[in-house]
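J.: In case you want the letters, here they are:
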Amino acid sequence: GGKGSAPAAGEAKSLKIAVIPKGMTHEFWKSIHAGAAQAAKELGVEILWKGPQKEDDRAQQITVVEDVISRGVDGIVLAPLDDRALIRPVQDAVRDKIPVIIIDSGLQGRDYISFVATDNYQGGVLAARRMGELLRGKGPIFMIRYLEGSASTAERERGFLETVTKDFPGLRLLVKDQYTGATTETAYQLGENLLGRFPDVEGVFCPNESSTFGVLRALQESGLAGKVKFVGFDSSPKLIQALRDGHLHGLILQNPVKMGYLGVTRMVQHLRGQTIPDRVDTGVTLVIKETMDTPENKALLSPDLSILDR
Amino acid sequence: MTSVPADAPALEMRGITKRFGATSALEGVDLVLRKGDVHALLGENGAGKSTLVKILSGALRPDRGEMRLAGRPYHPADPLHGRRSGVSMIYQELNLAPHLTVEENIMLGTEVHSGGFLKRRDVRKKIKDTLTFLHHPEIGLDVPVRQLSVGSRQIVEISRAIMDKARILVMDEPTSSLAREDTERLFEVIRKLKAEGVSIIYISHFLEEVREVADAYTVLRDGQNVGAGRMAEATLDAIIQLMVGQKIADLFPRVKGRAFGSPLIRDINTRLSTAEADPRGEPGAPAAVDHERGEVALSLNGLKGVRMAEAVSLDLHRGEILGLAGLVGAGRTETLRAVFGLDPRQSGWVEIGGVKALKLKPWQMIQRGFGLLSEDRQGEGLALARSLTDNITLSRFGPYRRWGFLSLKKRSRAALQWMGELKIKAQGSGQAVAGLSGGNQQKVALARLLHQDADVLLLDEPTRGIDVLSKAQIYDWMSRLAARGKGILFVSSYFPELLGVCDRIAVFFRGQVVDVRPAAGWSDESLMAAATTGKG
Amino acid sequence: MRIVRQQTRLQTLINLLAPFLGLILILAIFSSMPDIQSRFLRLANLKSVATQSVIVALGALGMTLVIIGGGIDLSAASNIALSSVVTAYAINAGLPPLLAVGLGILTGGAVGFVNGALITRLRLVPFIITMGMMGIARGVAKWIADNQKIDAPLTWVNELMAKSPRPSWLMLAPGVWLMIVFAVAMAVVLRYTVFGRHVFAIGSNEAAARLCGVRTNRAKIIVYAIAGLFCGLSGVMEFSRLTVGDPTVAVGLELDIIAAVVIGGGSLSGGEGSILGSMIGVFIMAFLRNGCTMMGWPNYIQEIIIGVIIVAAVSLDRIRHRRPT
Amino acid sequence: MRIVRQQTRLQTLINLLAPFLGLILILAIFSSMPDIQSRFLRLANLKSVATQSVIVALGALGMTLVIIGGGIDLSAASNIALSSVVTAYAINAGLPPLLAVGLGILTGGAVGFVNGALITRLRLVPFIITMGMMGIARGVAKWIADNQKIDAPLTWVNELMAKSPRPSWLMLAPGVWLMIVFAVAMAVVLRYTVFGRHVFAIGSNEAAARLCGVRTNRAKIIVYAIAGLFCGLSGVMEFSRLTVGDPTVAVGLELDIIAAVVIGGGSLSGGEGSILGSMIGVFIMAFLRNGCTMMGWPNYIQEIIIGVIIVAAVSLDRIRHRRPT
Ligand SMILES: Nc1ncnc2c1ncn2[C@@H]1O[C@H](COP(=O)(O)OP(=O)(O)OP(=O)(O)O)[C@@H](O)[C@H]1O
Ligand SMILES: Nc1ncnc2c1ncn2[C@@H]1O[C@H](COP(=O)(O)OP(=O)(O)OP(=O)(O)O)[C@@H](O)[C@H]1O
Ligand SMILES: [Mg+2]
Ligand SMILES: [Mg+2]
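Residue numbers (the working numbering), protein chains in the order written: chain A, -6 to 303; chain B, 150 to 685; chain C, 103 to 427; chain D, 103 to 427.
If you're looking for bench data, these hints aren't it; they were derived computationally from the structure.
Here are the simulated DSS-like cross-link-like pairs (lysine-lysine), alpha carbons at most 27 Å apart as the crow flies:
| no. | chain 1 | residue 1 | chain 2 | residue 2 |
| --- | --- | --- | --- | --- |
| 1 | A | Lys222 | A | Lys291 |
| 2 | C | Lys149 | A | Lys169 |
| 3 | A | Lys220 | C | Lys149 |
| 4 | D | Lys149 | A | Lys90 |
| 5 | A | Lys222 | C | Lys149 |
Chain B is faced by these chain C residues, among others (derived, beta-carbon under 10 Å):
| no. | residue |
| --- | --- |
| 6 | Ile304 |
| 7 | Asn307 |
| 8 | Arg317 |
Some residues of chain B that are not near chain D, with every Cβ distance over 12 Å (derived):
| no. | residue |
| --- | --- |
| 9 | Glu176 |
| 10 | Leu342 |
| 11 | Leu385 |
| 12 | Gly468 |
| 13 | Gly634 |
Every value quoted in this text rests on a predicted model; they were computed, and no experiment measured them.
The beta carbon of each residue, even a glycine, is placed where N, CA and C say it ideally should be.
Given the sequences, and given the hints that come with them, work out the whole structure.
T.: What follows is the structure in structure tokens.
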């Protein structure tokens, strides 16, 4: 093993591509994994799926990138936890002649060959529009934040905030600086405590799956689910159920399967000497109860992960 | 600056007062130490001796009171200050860092260095000389102290104190774990230091030792001065009376058909006793009891525990007190530990009531009616942070348990009873043991064993740090227990008490039993000879 | 040696009240804040704080026992996550909920038992063993859950932590009642049983306890097993609350649990601690979080305040116990 | 006697080699894995592991001192994050990089000093004080960074942790050299200075040390301050590596640091430990992580393995030290 560090190597041997997510325990990353695995299968390459050991830890992700470089792979598909901190490891990879494709969140500089991602800011904008529509432009709302220093959710939060202040001045932000922390339980507690203080809130926005789910539980428990207009981000079975039950009034969905799929596909194309676009937008979609059963949205809501079982 | 009189005493303590919460340990105590004197500080357990000298060393701060060193005011902020002012101390509770070696412990706080870097070469030679001088060259400088026996640790502490070149040396029960021979070496050292002008405060419950070595004395009772003077002008009798506020009859119990073993004992006893011994009333003067030797309760057959140097065979009968004599490190503690299952056994076995018992754990030994009192009361004798009640009742809960639940009231009543029985000085049965004086802690450990009501008692230095009156009482307890048919193994480094209370005495030498004889067959001299040479 | 009786009585009174002091202080501060005054002490908020506390409180019951016995259990939070995942997995696999709950609790107990067995057999410090177990349990939880949340169908188990319980005369969530019942039971065990006294003795001086006939190894294994069972129950409650089995839940919660015990007077060198104290510690932390969030203070302020409170609460306890020098 | 001598010599040999045993074992295992065989022991990989270890290693140097002195420092990781944020902030504010680095290190030292001062003044257990400080330092870091990472312009500071250092004769990143230099310095301090010996004495029996005239309080404050300074330096290295000041970095790293020290023979009850051991502990953990990642094993497997290794390494150490039975 370990012989294939030369780029654009011949077709004879199977390429090995490392896919490095930000964490490994969210449905979102699982979908990326599925997409990447699908691409790998179709293109006959091998993938190495490995995230930082501590979720969302920049330093650990750098370590993983370095270790993967040491190991020797043909290409790296990376979802950087930080747009600055990962520059140097990516440079290291390039110096070792390992090309890098960035997915999910941006990276400064131009050391990578392509950027495949959701427009997170746009996701926040979509959520704000939906909120404004639901509340007819006025009422007290929460904007709940996810984790200090998480760039992609911060973008969504920014998109939401700016759209609200620009387009819907009638929406009053009761809360806009509270972070849920990394786990669902902490999000749940935050939700409960906020609802205890502001029981007459009319709308809530959460920027990712764990915060959406935690706050959803808090709403359900205090009997406010359905009454409070709730727009969340990302998907999981419980969130789909909530959407169906009318507890959620909109989910902003990305297309992680596509992201993973395109990340690996573009890498292989690059390695095989094709030219690839340097920016690929995988799109954001607003899904509401009425539109949730269309085939496209169904695939977004519950992606087919069966490929991972084999 | 005030002028200092040339003939100022080495130390003057005036009106020293100290309280611990609700306990008043010292109430206006005075002590004057002349230059070059050995000054005995005497008193019952809990009288305040240790507290007073801790104030002197800077380990405690007085609530009120004045101290002068050679006429100059002295208010130590911490022990370092005390040590720098020339006050050096051997504390009652052993005061060593277990992970550090002998050398490191001896030099602790007075390391020789240049620019912070240690200089060890000269120091090692001096330590070796000191240990040799104390007749313990076998104690290696690079051995971690935790591997030493309690006796050896005491030697290390003494070495540390005498290497300190202090002006005032305080010794709080330095010989409590030492045998006679080591005590005599210590006295030699004391005399030498005295000749060099060092003043010494000496605390001990061995009154005949005190008589031998001290020039002056101060007696405390309940944290107050009750007397002081020159030793030459006092009788032991009078001192004891000052200490306990009453007269003492016999130090050792009277056992029918037994004369006191040695002339020395007889001497002490007559010196201690008053003319008119009341046969009842006073705790020191019980009626004579009868030890009837029954069947073998415990028999060691070539028993060798992992820490023992040699295999040991011995028999203990019901109704007898079997003394184990020997020097420090002779292996008696290790034998008891192996019997009780605290150390794993390597070879040989133990028979309990004629039945071979293999691999018993301490709890199983307790189930079989055994009880052990450790020589290391702080290390493994007591749960210091817990109350007296908890400690006293720890090895027997049966009487207070109904349907699985404890009756707290009954339990503390039992504890109070034992506290009264052994005259333990404490605020109440709920007080933490850590706040008791050394001797009172030892009594709690003993109360725990007595409360356990064992059939065979393994006592390792049970009277360590206990005052004269209480000792008499404990001897009496032992004697009465034996009279009730219990077997007692009694380890002690204090030969007079072995000769005074034992029915038989076995002598250990380098891990082996060299001789077992009835107590009457031994004398102080022959015991010493057997213990030091291994020849009976 | 004379004893001043009156001081002792005053001391007793102070000692009796002092544990509550911190809690009262915090309640007083927040309920005097104009912003949230009217809402802070409302029944609904109290109920929600009580429910939020259940998970930490159950963990703290076991941790109190462990800490009194001179140990520590760093694997508590991972164990909670593992048990909640196992419960969810079992329900998902179609087991009857009661069985699944039992399985969850037993998983916790098994982890605790292994902790205890390793600590006594290998004679290693609890810190290390449980630190190792912390990684192991978390890893196994992620493994079982395949790095995802386990979605289990709703059953009565999820009612255990419902703020508005089904038979409404219950008033509080069944989980809160469980917490109360177990707290009382553990307090009784610690005070009125031989086992409880043995645990105190072991924590205070293990060698002495052994010499006094306490079967220290057995007692320690039982202690860790009980602590594990409580973590298991806590895990079930976590599952009940979240309705999913989440292997990443409760990261770092062990420090909260330990903090609660220590704020409540538990000593990490063993031999000291009480159930009442630990429960107060739990509520101090819960009300602090609740109050800070209601005030809308940024999280970092909350983090700083909680840090300060931990130090302050323990200093207070320390001053209360200190003998004048 | 003769037998005893031989045994002792054998023991000495074993003792000399044993600390390395665990490390050698791990290196052997991974370099025999067919997948990564050829690459595991390559210079490039060794260099990258060395660079990765710097942050934990610097923390472990201070932690070794603290643990030998009978304490513990749970705030180490938060302190690292705080120092890295302060450094980034200072550089961002236009301070000369050298000054910023100094400020970062001093911040760490200040946190350590406060730890020490509180522990000695309030006479509280280090666990609690440093646990409180853990929250406080993290909160302050987030505050300074305003909940964001701080993007600072690139300076020579960021070269400190560059795997391929600028003057190429350096071979290793300057940070690695710093780590080596400080490790040697600390080993000398512990072995050959009065201060070092006092730290051992305090950890072994603080009361005895005090009574022998060791200024325990002063020594402890110095110990925590030094540990803080190392955390500060480690924070600077973290900043250098990340090129940004991240207040959320290194969460939970204190347990890694403590684990390294304990794997290396440090005893949490004080009085035992060595720099060499701790460094070996750091590298055991680093190579484990590195190997697992190179093998592409899932993280949960890695978590479980590291848990097992912690327990195993310490058991090994324990067996090595046990007196023959
Ligand atoms: N924990 C230990 N580890 C290693 N050796 C020990 C240990 N404890 C005691 N020893 C050694 O075992 C020998 C026997 O000591 P032991 O304590 O049994 O003597 P002893 O007769 O009870 O005398 P004393 O208790 O008065 O010192 C001594 O040489 C001592 O150094
Ligand atoms: N740390 C403490 N806390 C509370 N009370 C204490 C403390 N130290 C000593 N005392 C009390 O002070 C009194 C005097 O104790 P001290 O240790 O001075 O007695 P002592 O004369 O040395 O007795 P012994 O002969 O038993 O060693 C005792 O009643 C004891 O309970
Ligand atoms: Mg005393
Ligand atoms: Mg002995």
